[in-house]
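Chemist: Sequence:
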Amino acid sequence: MRRTEVNVELRKSKKEDHLPKRRNLEIDDEPLSPLETTNLVAAANMSIEDIVNGINSGDENMELTATHAARQILSRERNPPIDLLVDANIVPKLVEFLSRVNNSDLQFESVWALTNIASGTSDQTKVVVSAGAVAGLISLLGSSHPDLAEEALWALGNIAGDGPELRDHVIKLGIIKPLITLIKPDASVSLFFN
Numbered sequence: 001m002r003r004t005e006v007n008v009e010l011r012k013s014k015k016e017d018h019l020p021k022r023r024n025l026e027i028d029d030e031p032l033s034p035l036e037t038t039n040l041v042a043a044a045n046m047s048i049e050d051i052v053n054g055i056n057s058g059d060e061n062m063e064l065t066a067t068h069a070a071r072q073i074l075s076r077e078r079n080p081p082i083d084l085l086v087d088a089n090i091v092p093k094l095v096e097f098l099s100r101v102n103n104s105d106l107q108f109e110s111v112w113a114l115t116n117i118a119s120g121t122s123d124q125t126k127v128v129v130s131a132g133a134v135a136g137l138i139s140l141l142g143s144s145h146p147d148l149a150e151e152a153l154w155a156l157g158n159i160a161g162d163g164p165e166l167r168d169h170v171i172k173l174g175i176i177k178p179l180i181t182l183i184k185p186d187a188s189v190s191l192f193f194n
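In the UniProt record's numbering, the protein residues as written are 1 to 194.
Simulated from the structure, these hints should not be mistaken for lab results.
Please note: incorrect hints may appear among the correct ones.
BS3-like, lysine-lysine: derived pairs with alpha carbons at most 30 Å apart [stated by the list, open to error]:
{"hint": "1", "residue 1": "K172", "residue 2": "K126"}
{"hint": "2", "residue 1": "K177", "residue 2": "K126"}
{"hint": "3", "residue 1": "K184", "residue 2": "K172"}
{"hint": "4", "residue 1": "K93", "residue 2": "K126"}
{"hint": "5", "residue 1": "K93", "residue 2": "K177"}
{"hint": "6", "residue 1": "K93", "residue 2": "K172"}
Here are the simulated distance ranges between beta carbons [said to hold, decoys possible]:
{"hint": "7", "residue 1": "T121", "residue 2": "L173", "range": "31 to 37 Å"}
{"hint": "8", "residue 1": "N79", "residue 2": "E49", "range": "26 to 32 Å"}
{"hint": "9", "residue 1": "D50", "residue 2": "I171", "range": "25 to 31 Å"}
{"hint": "10", "residue 1": "N79", "residue 2": "A44", "range": "18 to 24 Å"}
{"hint": "11", "residue 1": "D123", "residue 2": "D168", "range": "29 to 35 Å"}
{"hint": "12", "residue 1": "D83", "residue 2": "D168", "range": "40 to 46 Å"}
{"hint": "13", "residue 1": "G174", "residue 2": "E49", "range": "34 to 40 Å"}
Using N, Cα and C, we set each Cβ at its ideal position, and we do this for glycine too.
Can you build the whole structure from these sequences, using the hints too?
Modeler: Right, here's the structure in full:
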């Protein structure tokens, strides 16, 4: 039992060392459309209350803007306000957004926000799992958008890396087969960092 505890602590320590790199990662995309530029500017000026209201608005553009703002706050701040966003009950909405196959940008921002929430404490990781994120994240491993599949893998790695119980949960929900299909000679090197 003691050996398992030591291994879990070593994994968590290694994860903590790697997280600042992951949280601050930016994706270089194609040039932004005027709407995307407007959304980015709006996201930069949102408070936590604005983010929560936007995520729950029912308006897809507002949902995307607010989810992007949540991801930015969780990615850039030294002590990200994970508990504030968890307590505001946005995790179930972020999980819901994973199934929005007609909006890969919203899916991506949601996955990245969930990745960062799952990188927090064990309790924060368990909130992501309890909201049903694992099944949605596993399904995104088969996405035709490589960045989306890679980000889903990061989130699943954060969840499974929390300890044997969550690792076994991720395996039980079926990660192995989609994971094997991701392993190909032309796969992104960063895909294997997790």
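Chemist: Hint by hint, say whether it matches the structure.
Modeler: Hints versus structure:
Taking the CA atoms of K172 and K126, the gap is near 16 Å; set against the 30 Å cutoff, the hint holds. A distance of roughly 23 Å separates the Cα atoms of K177 and K126; the hinted pair therefore holds under the 30 Å criterion. Among the hinted pairs, K184 with K172 is consistent with the structure: their alpha-carbon atoms are about 23 Å apart, no more than 30 Å. With a C-alpha separation of about 16 Å, the suggested pairing of K93 with K126 holds against the 30 Å cut-off.
With a C-alpha separation of about 27 Å, the suggested pair K93 and K177 falls inside the 30 Å cut-off, and the hint holds. Between K93 and K172 the alpha-carbon distance is near 24 Å, which keeps this suggested pair within the 30 Å criterion. In this structure the hint that T121 and L173 lie 31 to 37 Å apart at CB is violated, the actual value being about 22 Å. Range check, N79 to E49: about 19 Å between beta-carbon atoms, so the 26 to 32 Å window is missed.
In this structure the hint that D50 and I171 lie 25 to 31 Å apart at CB is violated, the actual value being about 38 Å. For N79 and A44, the hinted distance range of 18 to 24 Å is satisfied, since their beta carbons lie about 19 Å from each other. For the hinted restraint 29 to 35 Å between D123 and D168, the CB-CB distance of approximately 18 Å leaves it violated. In this structure, D83 and D168 break the distance hint of 40 to 46 Å, their C-beta atoms being roughly 26 Å apart.
Between G174 and E49 the CB atoms are about 37 Å apart, so this pair conforms to the stated range of 34 to 40 Å.
Consistency note: the structure conflicts with the earlier hints numbered 7, 8, 9, 11 and 12.
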